[in-house]
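Chemist: Using the sequences and the hints, build the whole thing.
There are 2 protein chains.
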Amino acid sequence: MGKKAITIRDIARIAGVSPGTVSRAINNSPLVNVETRQRIMEVVKAFDYVPHLAAQRLSTGKTLTIAVIVPFFTTPSVMERLNGVVSTLSKSKYDLVIHNIEEPEQRADCFRTIPRQDRVDGVLVISISPTDDEVPLLAEASVPIVLIDAHHAALSMLHQITVDDIAGGKAVTEYLIELGHTKIGFVGDPADNPFNFTSSRDRALGYRRALKAAGIPYRPEYYEENPHGRQEARESAKKMLTLPERPTAIFASSDVQAVGVLEAARELGLRVPQDLSVVGYDDVEIAEILGLTTMRQMLFESGQRGVELLLETLENPETKPVHEVLPTELVIRDTTGPPS
Amino acid sequence: MGKKAITIRDIARIAGVSPGTVSRAINNSPLVNVETRQRIMEVVKAFDYVPHLAAQRLSTGKTLTIAVIVPFFTTPSVMERLNGVVSTLSKSKYDLVIHNIEEPEQRADCFRTIPRQDRVDGVLVISISPTDDEVPLLAEASVPIVLIDAHHAALSMLHQITVDDIAGGKAVTEYLIELGHTKIGFVGDPADNPFNFTSSRDRALGYRRALKAAGIPYRPEYYEENPHGRQEARESAKKMLTLPERPTAIFASSDVQAVGVLEAARELGLRVPQDLSVVGYDDVEIAEILGLTTMRQMLFESGQRGVELLLETLENPETKPVHEVLPTELVIRDTTGPPS
DNA sequence: CGATTTAATTAAACCGATTGCATAAACTCT
DNA sequence: AGAGTTTATGCAATCGGTTTAATTAAATCG
Numbered sequence: 000m001g002k003k004a005i006t007i008r009d010i011a012r013i014a015g016v017s018p019g020t021v022s023r024a025i026n027n028s029p030l031v032n033v034e035t036r037q038r039i040m041e042v043v044k045a046f047d048y049v050p051h052l053a054a055q056r057l058s059t060g061k062t063l064t065i066a067v068i069v070p071f072f073t074t075p076s077v078m079e080r081l082n083g084v085v086s087t088l089s090k091s092k093y094d095l096v097i098h099n100i101e102e103p104e105q106r107a108d109c110f111r112t113i114p115r116q117d118r119v120d121g122v123l124v125i126s127i128s129p130t131d132d133e134v135p136l137l138a139e140a141s142v143p144i145v146l147i148d149a150h151h152a153a154l155s156m157l158h159q160i161t162v163d164d165i166a167g168g169k170a171v172t173e174y175l176i177e178l179g180h181t182k183i184g185f186v187g188d189p190a191d192n193p194f195n196f197t198s199s200r201d202r203a204l205g206y207r208r209a210l211k212a213a214g215i216p217y218r219p220e221y222y223e224e225n226p227h228g229r230q231e232a233r234e235s236a237k238k239m240l241t242l243p244e245r246p247t248a249i250f251a252s253s254d255v256q257a258v259g260v261l262e263a264a265r266e267l268g269l270r271v272p273q274d275l276s277v278v279g280y281d282d283v284e285i286a287e288i289l290g291l292t293t294m295r296q297m298l299f300e301s302g303q304r305g306v307e308l309l310l311e312t313l314e315n316p317e318t319k320p321v322h323e324v325l326p327t328e329l330v331i332r333d334t335t336g337p338p339s
Numbered sequence: 000m001g002k003k004a005i006t007i008r009d010i011a012r013i014a015g016v017s018p019g020t021v022s023r024a025i026n027n028s029p030l031v032n033v034e035t036r037q038r039i040m041e042v043v044k045a046f047d048y049v050p051h052l053a054a055q056r057l058s059t060g061k062t063l064t065i066a067v068i069v070p071f072f073t074t075p076s077v078m079e080r081l082n083g084v085v086s087t088l089s090k091s092k093y094d095l096v097i098h099n100i101e102e103p104e105q106r107a108d109c110f111r112t113i114p115r116q117d118r119v120d121g122v123l124v125i126s127i128s129p130t131d132d133e134v135p136l137l138a139e140a141s142v143p144i145v146l147i148d149a150h151h152a153a154l155s156m157l158h159q160i161t162v163d164d165i166a167g168g169k170a171v172t173e174y175l176i177e178l179g180h181t182k183i184g185f186v187g188d189p190a191d192n193p194f195n196f197t198s199s200r201d202r203a204l205g206y207r208r209a210l211k212a213a214g215i216p217y218r219p220e221y222y223e224e225n226p227h228g229r230q231e232a233r234e235s236a237k238k239m240l241t242l243p244e245r246p247t248a249i250f251a252s253s254d255v256q257a258v259g260v261l262e263a264a265r266e267l268g269l270r271v272p273q274d275l276s277v278v279g280y281d282d283v284e285i286a287e288i289l290g291l292t293t294m295r296q297m298l299f300e301s302g303q304r305g306v307e308l309l310l311e312t313l314e315n316p317e318t319k320p321v322h323e324v325l326p327t328e329l330v331i332r333d334t335t336g337p338p339s
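Read top to bottom, the protein sequences are chains L and P. No gaps in the numbering here: position 263 of the first sequence is 262 in numbering that gives the first Met the number 0, and each next residue is one more. No gaps in the numbering here: position 250 of the second sequence is 249 in numbering that gives the first Met the number 0, and each next residue is one more.
Since the hints were derived computationally from the structure, they do not count as laboratory data. Please note that a few of the clues may not be correct.
All copies of an identical chain are treated as equivalent in the list; a pair is satisfied when it fits inside any one copy or across any two copies.
Each computed DSS-like pair below joins lysine-lysine, with the alpha-carbon atoms no more than 27 Å apart [what the hints assert, rightly or not]:
(1) Lys44 to Lys61
(2) Lys44 to Lys90
(3) Lys92 to Lys61
(4) Lys237 to Lys211
(5) Lys92 to Lys319
(6) Lys90 to Lys237
(7) Lys182 to Lys238
(8) Lys90 to Lys238
(9) Lys90 to Lys182
Modeler: The structure is reproduced here in structure tokens:
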């Protein structure tokens, strides 16, 4: 246990200089003589001296820390984004602290207490779009913030990395229509939810627009929403698939939910894709394993890009806010085909 | 941007008391008058004051931070442990900083630089067992350390939360033998690896012991190891399954690898379980989805328990080191049956 | 060679909280 | 009522760095 921490003053005394000089030597200030620096660095090495983090933070005002706020971080798609964040950030000098949100109240807490200069140098927010009343809070925040897979129209001062979920939902639906489907169901998250997740809502919007454009009437009984999850999606799908006139295709708002739909189909003895086509969204690993047709998004890259933007802004605070829209790509596998 | 931070002195001035009193009021010291406290707390609320973290850390010597060192944190089983850690820790006052290890050098770096009093109050290490030469480093570390799914015989001063992988591997193999299998393959990670992962090695050891106990000779061609991953396991399995005399059952060292084995079987046109039985390890979500027979371990609980132990030790530094062995449970699903 | 610039270093203030010690006020007891 | 406690608060030192201004020594110049 006990191990007396060695301070900069100790190093200074041993090297025969003042603490200030040691500090400068360590931080590569040009204001120190070459020989002096060398002598100091030798002592530093010899005693394995590392500056006290908290002291450094206090005196410089920099925290060398970045926070990431994520909801339900075990969700595969969120994980993959987080993976991009962690991998990219591990090359930098910044520490990453994670705040996982599983309750709506935590969400409010985080937005209020995290983005402060004395806690972190920057914040990444994944998949949680700020609500209207949170806008002033974030706008006034004294640290740069990057939204990943989240957006807000009024927040032009924030970096945002998004996908066009409306276009994505539309494209999936158009693909199913092209295959000849007209009875197309949608299984997603609640459009109205305490976390303000917007992706499912937007994909559903694209779904409706595609139907409308093709002249197919929208049927409320073909739309089901439930808190995100495999079991929940399975129940939604079972309900829909036991209708007198069941859909011949189901568009699930995520791969996780698509798996639930596949399970429902199996339970009901429906063959995929002969009796039912299923499309997911995200293209996480399970999609490849199951041969699921899905809309791929650049999950890892979204996290990576978010970190890059944040670091850039920290380097140069004058960086103009960027709103990047990442592309999506339909990956056709074995769960879709024409209706029989 | 600019927003002058409000300090404890500001609060003190406004409330008409000294900074010390404000500090005591905030920290629930009994040494402050009820009315005074109330008055102070009102000012605190009104100005939304939160103490400067770095300052607090410097003066108390506590970092209020816990580090977790994880290898390849997107691996499903690791994720689940991490989930237990994050969930449990989010209820506490501690921040969690994540250090993801993907290169052997990062591993050494982390062990050297992280467990320092001025950086963190405690460290959790997941699935990375210390090597002999790392022991002194950790032993001398000035902060408490908890190993989760990792162990070292000489480190009795560290908390350890493990499973008995040897027994687990033995049990899986015994189950297959009971079913009537004698040609049983093993697909795992390299026993000798730069991260010093031990679980696959131990499970293989159990596998061999079970064979020996049953009088079944060990065949080297039925043992394959490859860096952890689905694709890698698929290749290993394909090699094994195209032998002149192929195994009728394969024990994979993890569910991820079992999925690779299933893919290999599919590619080779082998029916599961009629032509080939497959058993995994971990019981992560994909196992349930695919109906994989597997050895369940308490992944979430291991993380949870690790945090509890660490917090306990932080509360009471005299806590005796604990070595807990969590139970495992064989979950029989659809990928195993008697050989045909 | 004295005056002035330049380079290297030190001394001291500061970052923002916590806490031991001193002190003042209020209260108890005989 | 005066001595002794108890309670509440202020003062000032402290944590371990960084950084500005001051100082000294060496170098340059007219």
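Chemist: When no copy is specified for Lys237 and Lys211, does a C-alpha distance of 27 Å or less occur within a copy, between copies, both, or neither?
Modeler: within (25 Å within a copy, 49 Å between copies)
Chemist: Between the shortest in-copy and the shortest cross-copy C-alpha distance, which are at most 27 Å for Lys90 and Lys238: within, between, both, or neither?
Modeler: Result: close neither inside a copy nor across copies, 48 Å intra and 37 Å inter.
Chemist: Since the copies are identical, ignore which copy is meant and state whether Lys44 and Lys90 lie within 27 Å (CA to CA) inside a copy, between copies, both or neither.
Modeler: So Lys44 and Lys90 pass the 27 Å test inside one copy only (22 Å; across, 39 Å).
Chemist: When no copy is named, should Lys92 and Lys61 be tagged within, between, both, or neither for a Cα gap of at most 27 Å?
Modeler: Intra 12 Å, inter 21 Å, cutoff 27 Å: intra and inter.
Chemist: Is it within, between, both or neither when you check Lys92 against Lys319 at 27 Å Cα-Cα?
Modeler: This pair counts as within: shortest intra-copy Cα distance 23 Å, inter-copy 35 Å.
Chemist: With 27 Å as the alpha-carbon cut-off, assign the pair Lys182 and Lys238 to within, between, both or neither.
Modeler: within (15 Å within a copy, 45 Å between copies)
Chemist: Is it within, between, both or neither when you check Lys90 against Lys237 at 27 Å Cα-Cα?
Modeler: neither (46 Å within a copy, 37 Å between copies)
Chemist: When no copy is named, should Lys90 and Lys182 be tagged within, between, both, or neither for a Cα gap of at most 27 Å?
Modeler: neither (49 Å within a copy, 46 Å between copies)
Chemist: As a check of your reading, is Lys44 near Lys61 (CA-CA no more than 27 Å) within one copy, between copies, both or neither?
Modeler: both (25 Å within a copy, 25 Å between copies)
Figure legend: structure checked against the earlier numbered hints; hints not met, in rising order: 6, 8 and 9.
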